[in-house]
Amino acid sequence: MGTGEPKRMQYIAQGPEADHRTSTGLNNRKLLMWAFLGSDAMFFGPLITTHLINRTATQTGPTEDIFNIPLTTISTFVLLISSLAMVLALAGIQRGQMGQFRFWTAATALLGMVFIGFQMTEFAQFAAEGLTPRSSLFGSSFLILTGLHGAHVTVGIIWLWSIFFTSYTGKIKQANSLDVEIAGLYWHFVDIVWIVIFGVVYLIGAFGVEDRLLEHAGAAVRLVG
Amino acid sequence: MQLDHGTHGAHPTAAVYIRIAVILTIITLGEFGVFYLTGLSSAVMTGIILALSSVKFAVVAGYYMHLKFDNWRFAALFVVPFFIMLLILIVLLALFSSLTR
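So the sequences go chain by chain: A and B.
Position one of the first sequence corresponds to residue 1 (the numbering used here), numbered consecutively onward.
Position one of the second sequence corresponds to residue 1001 (the numbering used here), numbered consecutively onward.
Simulated from the structure, these hints should not be mistaken for laboratory data.
Every value quoted in this text rests on a predicted model; they were computed, and no experiment measured them.
Think of the CB as a built atom: it goes at the ideal place given N, C-alpha and C, for glycine as much as any other residue.
It cannot be assumed that every hint is accurate.
Stated by the list, open to error - What the simulated footprint calls covered on chain B by chain A, stretch by stretch (three residues with Cβ under 8 Å from a Cβ of chain A suffice, anywhere in the stretch; the number is not a length): (1) 1014 to 1027; (2) 1045 to 1052.
Unchecked claim - Example chain B residues on the side facing chain A (calculated, C-beta under 7 Å, incomplete): (3) 1037; (4) 1065; (5) 1069.
Claimed, not checked - Covered stretches of chain A, going by a simulated chain B footprint (3 or more residues, C-beta under 8 Å): (6) 36 to 47; (7) 79 to 93; (8) 162 to 170.
The shape of chain B in the complex, shown without the other chains (with noise of 0.2 Å):
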């Protein structure tokens, strides 16, 4: 009888996860870089770490907790609950910076 704990394809073997994790340490290395570049402005500087930020999260999501190789179902029920708690942090940023003016 098979294994099947819902995983579509092949788990990346030890090489790629290593490779993935010189990857996230360079892309922490270049957060903590961009922190300490002078003359950036801060929307750049907001920009640039949330988007390094978020590629490390896919990162870690898609290959260390196997997303991109399971089943769609487990995708799911995390990434909607997790735009739902983006979408509350958005509102609560504006509804405060609003009842605050």
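The shape of chain A in the complex, shown without the other chains (with noise of 0.2 Å):
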């Protein structure tokens, strides 16, 4: 950094990215990476909380005793796994070290895909029983929260898949590893909703719980009222 020039504005890459600066200091990419993440997580959300609303609305379909806990508990598992499996394609690719790097990003995606065979297998069975988007209120609310998270695994998926191809050609090296970072926290922020949908929406919801929860909230809303 040159003399004279303000403290805030530093070089914040090398590689590609060395004479990139930005007035914070701080990566543009990477940045933008947090704010999408920030933004999908309001997304979710509402997905959720609709959910919430919605779960007693079976109509005459299935209810949630048909949540298949064992089934969805080693999916999590899987999830949770393949989040182990990018932060040491990371932690590969930080150190130089591609056969690792392309080993574990590779380990992440086949795990991913994994994950989209349970919920294939999963939704599979609820049609067999039933629910379908169509069959009740609860069925479209769980099937479009639980779909929409299942795409963006394979989103995910397909950008593993194009990292890791993409690193025979040179261009994913050790010099650009933000690649991959920035890559890693879109997997993990799907591992992280999933906790929330795994613990809100399958174990509370199959034990019947949110009534509990939607009569106190209502109970705080009469009590400022």
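Combine the two chains into a complex, taking the hints into account.
Dropping the structure here:
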């Protein structure tokens, strides 16, 4: 950094981004990804809320009794382990160990595909038992929420495979490990969204206590009113 | 020239990441176990599940997403919208509960 330059103007990267400066001293791409993840959290919030509101609106269709908690616990475990694989892939490329990076990137993507496989199996079971987006408000809100999460995972899988194959062209290397870090942030985000869905929608939902939450929330509103 | 993506401290080692994965697995098994515990009131069960999920959420965001080690502005960009989302969730639940009575 040259003499007399404002202190906040910093170099933020090396390699292709070496001359890229920002007023915050932070990398704009990483900043953008965090802003996107913040907005995506706000996207999932109302979807979860909509499901909580409609979870008892089952009409004549299936209720939350059809949740297969052991199967979902296994798929949750798979997604958690994929997050471990992702950080190991990032650690690999940051150390310049391309073999390790490729192995863990492929492992992350494969574990993501296993998760999607579990979700497709679950959806097929639900459809066989009569739970479809058209069967009830419960069905539509649940399937839209979990389906959109699955779509996020699918985007992540495509992103990871594209990074994996691009690494063989030499465009993904230690100097631009930020590309992998940003993909990793997205991947961990879909993991933490699932942590919330698994706890709130599956476990608490299947236990049938959201009614009480609604009662408490309603009582609080009446108290304020 | 130093590579600086806004990181304040060194990222954890692979051994730390693996230990964190073990902790996350144990918590997930704990959630699964709590679900099948009999004789637990729904309020207690909800509290335990929410607490365990919150710990998992914080651990993944803090260590795997490096928020614990990165510049605080990255965390702010995520945490502020997250709390707005929580507020929306509570208000909507309260509103619909009130309207449907």
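Status of each hint after checking the structure:
Residue count for the segment 1014 to 1027 of chain B with a Cβ under 8 Å from a Cβ of chain A: 7. That meets the three needed, and the coverage hint holds. Taking a C-beta to C-beta cut-off of 8 Å, the segment 1045 to 1052 of chain B contributes 5 residues in contact with chain A, enough for the three needed, and the coverage statement holds. With 7 Å as the threshold, the beta carbon of residue 1037 of chain B stays out of range of chain A, its nearest partner Cβ sitting at about 10 Å, so the hint is violated. Using the Cβ-Cβ criterion of 7 Å, the hint placing residue 1065 of chain B at the interface with chain A is satisfied: the shortest such distance is roughly 5 Å.
Interface hint status for residue 1069 of chain B: violated, as the beta-carbon distance to the closest one in chain A is roughly 12 Å, over 7 Å. For the segment 36 to 47 of chain A, the assignment as covered by chain B holds, since 8 residues bring a beta-carbon within under 8 Å of that chain's beta-carbons and 3 suffice. For the segment 79 to 93 of chain A, the stated coverage by chain B is satisfied: 8 residues place a CB nearer than 8 Å to a CB of that chain, which reaches the threshold of 3. Coverage of the segment 162 to 170 of chain A by chain B is violated [criterion: at least 3 residues with CB-CB distance below 8 Å; count 0].
Hints 3, 5 and 8 from the list above are not met by this structure, while the remaining hints are.
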